[in-house]
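Mind docking chain B on chain A? Use the hints.
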Amino acid sequence: MTDLTDLGVRDLRDGVRAGTFSAREVADSFIVAVSKAKQLNAFLVETPDHAIAAAKEADAARAAGETLKPLAGVPIGMKDLFCTKGVQSAAASHILEGFKPEYESTVSQKLWDAGAGMLGKLNMDQFAMGSSNETSYFGDVISPWRRADGGNAPLAPGGSSGGSSASIAARLCPAATGTDTGGSIRQPAAFTGIAGIKPTYGRCSRWGIIAFASSLDQAGPMARDVRDCAIMLETMSGFDAKDSTSLQLDVPKWEAGLNASLAGKRIGIPKEYRVDGMPAEIEALWQQGIDWVKDAGADVVEVSLPHTKYALPAYYIIAPAEASSNLARYDGVRYGLRELPEGANLQDMYAATRAAGFGAEVKRRILIGTYVLSAGFYDAYYTQAQKVRTLIARDFDRAWETCDLLLTPTAPSAAFALGEKSADPIAMYLNDVFTVPSSLAGLPAMSVPGGLDKVGLPLGLQVIGKALDEQGVLDACLAIEERAGFKARPDAWW
Amino acid sequence: MSVDAATVKKIASLARIAITDEEVAKIAPELDNILGWIEQLGEVDCTGVEPMTAVIANTLRLRDDVVTDGGKRDAVLANAPQAEHGFFTVPKVIE
Chain A
1 MTDLTDLGVR
11 DLRDGVRAGT
21 FSAREVADSF
31 IVAVSKAKQL
41 NAFLVETPDH
51 AIAAAKEADA
61 ARAAGETLKP
71 LAGVPIGMKD
81 LFCTKGVQSA
91 AASHILEGFK
101 PEYESTVSQK
111 LWDAGAGMLG
121 KLNMDQFAMG
131 SSNETSYFGD
141 VISPWRRADG
151 GNAPLAPGGS
161 SGGSSASIAA
171 RLCPAATGTD
181 TGGSIRQPAA
191 FTGIAGIKPT
201 YGRCSRWGII
211 AFASSLDQAG
221 PMARDVRDCA
231 IMLETMSGFD
241 AKDSTSLQLD
251 VPKWEAGLNA
261 SLAGKRIGIP
271 KEYRVDGMPA
281 EIEALWQQGI
291 DWVKDAGADV
301 VEVSLPHTKY
311 ALPAYYIIAP
321 AEASSNLARY
331 DGVRYGLREL
341 PEGANLQDMY
351 AATRAAGFGA
361 EVKRRILIGT
371 YVLSAGFYDA
381 YYTQAQKVRT
391 LIARDFDRAW
401 ETCDLLLTPT
411 APSAAFALGE
421 KSADPIAMYL
431 NDVFTVPSSL
441 AGLPAMSVPG
451 GLDKVGLPLG
461 LQVIGKALDE
471 QGVLDACLAI
481 EERAGFKARP
491 DAWW
Chain B
1 MSVDAATVKK
11 IASLARIAIT
21 DEEVAKIAPE
31 LDNILGWIEQ
41 LGEVDCTGVE
51 PMTAVIANTL
61 RLRDDVVTDG
71 GKRDAVLANA
81 PQAEHGFFTV
91 PKVIE
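Those protein sequences? They're chains A and B, same order as listed.
The numbering used here puts the first residue of the first sequence at 1, with every later residue one more than the last.
The numbering used here puts the first residue of the second sequence at 1, with every later residue one more than the last.
Incorrect hints may appear among the rest.
[Stated by the list, open to error] Which bits of chain B does chain A cover? Going by a derived footprint, with three or more residues having C-beta under 8 Å, they are: (1) 11-19; (2) 24-32; (3) 44-56.
To be clear, the hints were calculated from the coordinates, so they are not data collected in a lab.
Every residue gets a Cβ at the ideal spot worked out from N, C-alpha and C, and that includes glycine.
Chain A extracted, bound-state conformation (with noise of 0.2 Å):
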């Protein structure tokens, strides 16, 4: 029999619905592939007993004869920034340690009202800032690939989602949620051979998870291919009373619209990606996806986003700013960590909080944010920077103006090694260069797995749409994916 663990969402739904396998069987192959995967710390709570209660009400459901919730039988992962009822949501970060919510955020709420069940919370970089997953204050998730160069230096996952593409790669689980604010969905995708899509700003409801910068950050799904993420998003999509920039529109049916066929459609290259020091090795990658999309019918033509390489620093100026701004809760009164120091007063309380609870990348964000909106600096940077957004969005309108999509690579590099890159942290805001600029203009984007560099780690390609049109997305990555055949995987090392 098929091991369970290799079968996605579609598979997955579509065989505990036919009686080919019951929810729980699949609940419990994925529960003992997350004990035994502990090396690769890509969960910081289990919660077998949710991932069952689900299981046991989809055979339950199947065996009264009722019609099966869209996701039942599907047991996934949550991303720890997702506020969870009764389990702890800490965005991997000491100052919420222990934090129980007392209530659940949207987007998981609809994930359980269509039937799926939690395997865990998954460790992420410390309040999503990061792009390895080396910020968590639970330690590093390790990457279940490794290099084919004898040598098993452990490998970044990306970040910051880098449970969630640590735990899919590894067959953990089937899917599991992400959260993007400049990339970090699509490039842990790349990282680790998955798929992940960040809708556009307002599809899915930022009601209960955890603020990073909240004018760019969107949850997505994370799942092994582009069918997957599909039928994930449908059911993370929609508007939401609670969230005041939720979008008030119908949420279409994307897996149904699934449509390989690029005729008619035009995609651009955008030529400022073309970044100096590339590999050769991405570069060939995104000319074969070039080819690729062509073979599947579309007309390809080069585009110019001129402000590109100031998206950013305006990025590093507006994410700490809000960053700023949303942490300012974390004060030790309401939630989460107190350091009262003999004979504090309030506000010592607060700064000794605050020193003992944050990590020092979001010290960094934090001080950067507050250095930027102080007096007299305001309009140099946050205001400045919010005019160069602007520019980065009309960019991306003109854009419009000859193609339908935008194909790049997601990443300028394959995973690199935990540390290579830590002790730098302008080279790691540059892992995201070609990620930050769709999220500043709030576009849907998805990266989907294009194939393996000389040293067999994957890479990925992205494709970015007009706001709104994320069936256009699904649909140049499903004609990618196709051509690609992406079958490679991790050796289960752990």
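Just chain B, lined up with the frame of chain A:
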């Protein structure tokens, strides 16, 4: 402009993060480096450009002015590091 130790201490104080002199010595050049890199934004001509306020055109909704929530005192206090008599408690602020 360069970020010196006094600036780091000032912004850390504004951000309510206690910081040691050793940390200041480490963080000041890091912030200086990052802010120096960010300063390239100054070269973009933004004459007549409005700052971005919403990435996707959306109107802020108004809801009916009615009570929609409440009666959850115990849930609100459940995660407090310290709560007494139905209140959050903090060190004494008035002598």
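Are 3 or more residues of the segment 44-56 of chain B near chain A, judged by a Cβ distance of less than 8 Å?
With 10 residues close enough to chain A, the hint holds.
Holds or violated: the segment 11-19 of chain B covered by chain A, criterion of 3 or more residues with Cβ-Cβ distance under 8 Å?
Result for this restraint: holds, n = 9.
Stated coverage of the segment 24-32 of chain B by chain A [criterion: 3+ residues, CB within 8 Å]:
As far as the segment 24-32 of chain B goes, the hint holds, because 3 residues have Cβ atoms under 8 Å from chain A.
In summary, the structure agrees with every hint in the numbered list given earlier.
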